[in-house]
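Construct the complete structure from the given sequences, taking the supplied hints into account.
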Amino acid sequence: MHKADIPFLSVAALGELIRTREVSPVEATEAYLDRIEAIDSTLHSYITVCRHDALQAAREAEAAIARGEYRGPLHGVPYAVKDQFWTKGLLTTGGSVLLGDFVPEEDATVVARLRSAGAILLGKLNMSEFATGNSVHHPYGTPHNPWDLRRNPGTSSSGSGAATAAFLCATSLGEDTGGSIRNPANNCGLVGIRPTWGLVSRYGMLGACWSMDIGGPISRTVEDCAITLQTIAGYDPCDPSSSKAPVPDYRAGLTGTIQGRRIGVVKEAVEADFIEPQVKTAVTQAIAHLVSLGATPVEVSIPLLPSAAAVTRAILAVESAALHHDWIRTRLHEYDHNVQLDFLTGAILPAQLYYKAQQLRELTRRQVFAALQQADVLALPGSSEPAALLPAAPGIHSKEEARQRMAGRRSLTGVFNLANVPALCVPCGFATIEGKDLPIGLQLAGKPFADGLLLNVAYAYEQSTTWHTRRPPLA
Amino acid sequence: MADLSPDDVQSLGRAVGLTLTEPLLTELTHNLNAMRELLEDVRPPGLEQVEPLPIIPPYERGEHA
Numbered sequence: 001m002h003k004a005d006i007p008f009l010s011v012a013a014l015g016e017l018i019r020t021r022e023v024s025p026v027e028a029t030e031a032y033l034d035r036i037e038a039i040d041s042t043l044h045s046y047i048t049v050c051r052h053d054a055l056q057a058a059r060e061a062e063a064a065i066a067r068g069e070y071r072g073p074l075h076g077v078p079y080a081v082k083d084q085f086w087t088k089g090l091l092t093t094g095g096s097v098l099l100g101d102f103v104p105e106e107d108a109t110v111v112a113r114l115r116s117a118g119a120i121l122l123g124k125l126n127m128s129e130f131a132t133g134n135s136v137h138h139p140y141g142t143p144h145n146p147w148d149l150r151r152n153p154g155t156s157s158s159g160s161g162a163a164t165a166a167f168l169c170a171t172s173l174g175e176d177t178g179g180s181i182r183n184p185a186n187n188c189g190l191v192g193i194r195p196t197w198g199l200v201s202r203y204g205m206l207g208a209c210w211s212m213d214i215g216g217p218i219s220r221t222v223e224d225c226a227i228t229l230q231t232i233a234g235y236d237p238c239d240p241s242s243s244k245a246p247v248p249d250y251r252a253g254l255t256g257t258i259q260g261r262r263i264g265v266v267k268e269a270v271e272a273d274f275i276e277p278q279v280k281t282a283v284t285q286a287i288a289h290l291v292s293l294g295a296t297p298v299e300v301s302i303p304l305l306p307s308a309a310a311v312t313r314a315i316l317a318v319e320s321a322a323l324h325h326d327w328i329r330t331r332l333h334e335y336d337h338n339v340q341l342d343f344l345t346g347a348i349l350p351a352q353l354y355y356k357a358q359q360l361r362e363l364t365r366r367q368v369f370a371a372l373q374q375a376d377v378l379a380l381p382g383s384s385e386p387a388a389l390l391p392a393a394p395g396i397h398s399k400e401e402a403r404q405r406m407a408g409r410r411s412l413t414g415v416f417n418l419a420n421v422p423a424l425c426v427p428c429g430f431a432t433i434e435g436k437d438l439p440i441g442l443q444l445a446g447k448p449f450a451d452g453l454l455l456n457v458a459y460a461y462e463q464s465t466t467w468h469t470r471r472p473p474l475a
Numbered sequence: 476m477a478d479l480s481p482d483d484v485q486s487l488g489r490a491v492g493l494t495l496t497e498p499l500l501t502e503l504t505h506n507l508n509a510m511r512e513l514l515e516d517v518r519p520p521g522l523e524q525v526e527p528l529p530i531i532p533p534y535e536r537g538e539h540a
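Residue numbers (my numbering), protein chains in the order written: chain A, 1 to 475; chain B, 476 to 540.
The set of hints was computed from the structure by calculation and includes no laboratory data. Glycine is no exception: its CB is placed at the ideal position from the N, C-alpha and C atoms. Misleading hints may appear alongside valid ones.
As the list claims (entries may be wrong) - Below, simulated SDA-like cross-link-like pairs (lysine to any residue); rule was C-alpha separation at most 20 Å, straight line:
| # | chain 1 | residue 1 | chain 2 | residue 2 |
| --- | --- | --- | --- | --- |
| 1 | A | LYS399 | B | ARG511 |
| 2 | A | LYS399 | B | GLY521 |
| 3 | A | LYS399 | B | GLY492 |
Stated by the list, open to error - Not the full set, but computed from the structure, chain A residues with beta-carbon under 8 Å of chain B:
| # | residue |
| --- | --- |
| 4 | ARG329 |
| 5 | THR330 |
| 6 | ALA407 |
Rendered as structure tokens:
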């Protein structure tokens with residue numbers, strides 16, 4: 001195989017070629033590093049590339065496999081992680097200058113598990129500052145969308161979306177508090193899953209909002225997503241909130257059979273007037289396609305969905321402000337302008353409003369669970385629109401502008417982080433905007449620990465369509 | 476609910492040890508008023524009876540798939 005073709009392989013295919021020693025981990029790592037060097041000055045998806053360490057790890061993987069010490073489907077496979085996860089001995093910035101010299105002394109649990117699986121860390125991926133999702137200024141370069149360089153790859157795991165879509169890593173990790181895995185997956189034509197809260201350890205992950213934060217994979221295929229999730233999921237004694245529930249074999253669960261599965265069509269989402277018409281059409285057709293595969297559609301309602309964004313923003317603002325209590329008072333102006341506004345809002349939000357937000361969270365959760373009593377998975381758009389143009393300037397100029405930012409598309413993802421149920425995004429079409437084809441995502445959500453079911457429904461859809469085979473112009 | 480003024484917001488800041496100045500003060504006032512309004516607008520029946528339960532992992536609440 002020509003080395004330059006290696007980055008275009010799926011994790012599943014590359015892993016198999018590495019297992020059979022038709023491709024060397026060193027070749028694969030070099031191929032990705034070559035692409036990063038050639039392309040990433042345009043995309044700015046990476047903050048740190050660890051070339052030397054990656055090649056060393058690749059040589060060790062090659063030697064181990066030659067000795068017969070094969071560890072599994074990620075052994076020798078190059079990956080990257082959002083710069084929100086600790087990496088031992090490697091700069092971890094959180095996308096901020098405030099952590100411009102932070103070098104952790106240990107790995108986050110998810111990184112440690114990927115290392116144990118023999119995966120090769122290529123580097124740390126760019127992100128919105130401290131995973132807030134609203135930052136305009138990126139001190140390490142503004143990430144761009146490979147499908148249209150003028151556009152946002154999605155926040156806050158923007159580098160994870162851009163790098164994975166541009167074939168600059170085989171798979172990646174992002175983190176999702178209010179949609180930060182699903183939004184990049186939606187904008188970049190990828191598969192991203194926000195796992196059940198508690199399924200994946202948060203140890204060693206820079207926090208944004210502890211009660212909603214969760215790390216998860218952003219990959220090019222559902223199978224790759226399943227392989228990556230399998231490796232990082234499971235109880236961690238370092239994170240007492242992590243679940244002791246057994247982790248099923250996600251990859252083995254990809255049967256592609258969804259006969260009889262009830263697909264809950266969330267009417268407040270599908271009928272919302274803020275959904276771009278091409279998105280509405282693509283998602284409606286995707287749901288119809290699932291029905292053609294044997295699923296049964298059921299209309300469900302989540303009346304509080306339209307307010308989910310505001311509730312999420314209120315809780316996130318307060319919890320983030322608490323995490324940044326000291327720096328807000330001593331280093332405020334080193335944060336991005338919009339991040340300053342978000343943190344200050346959280347610092348002074350009246351307690352009674354925060355309490356109400358938590359009450360609304362509980363009610364939203366009950367409504368989501370009620371919907372999940374009527375359906376096996378819920379279906380709705382991943383976003384109200386394709387990737388937006390990169391913001392021109394920071395700041396808020398009116399209350400109305402502020403209201404717009406706290407509503408709209410963010411409610412589509414926010415509703416599931418409030419309920420802490422799993423939700424994923426899978427490509428379901430393209431919108432043509434100003435002559436460019438931009439990905440559209442179908443979002444699926446399920447009951448706690450039904451991550452495997454979500455992956456299988458997404459797999460059934462993916463394997464009977466071709467959206468995931470298209471490549472962005474930059475690639 | 477009347478909007479807060481920048482002076483009101485500045486007082487809130489002082490209450491928590493923050494000195495708020497322009498241009499952030501006006502933008503923060505917009506942001507805070509927007510959030511207050513959006514949350515106040517949502518009044519589902521029975522909300523006053525809802526206890527905002529602390530986040531308990533789903534498996535402890537017996538709510539598995």
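Quick rundown of the hints versus the structure:
no.	hint	in the structure
1	LYS399(A) / ARG511(B)	holds (11 Å)
2	LYS399(A) / GLY521(B)	violated (29 Å)
3	LYS399(A) / GLY492(B)	violated (25 Å)
4	ARG329	holds (6 Å)
5	THR330	violated (11 Å)
6	ALA407	holds (7 Å)
Hints 2, 3, 5, counting from the list given before, are not met by this structure.
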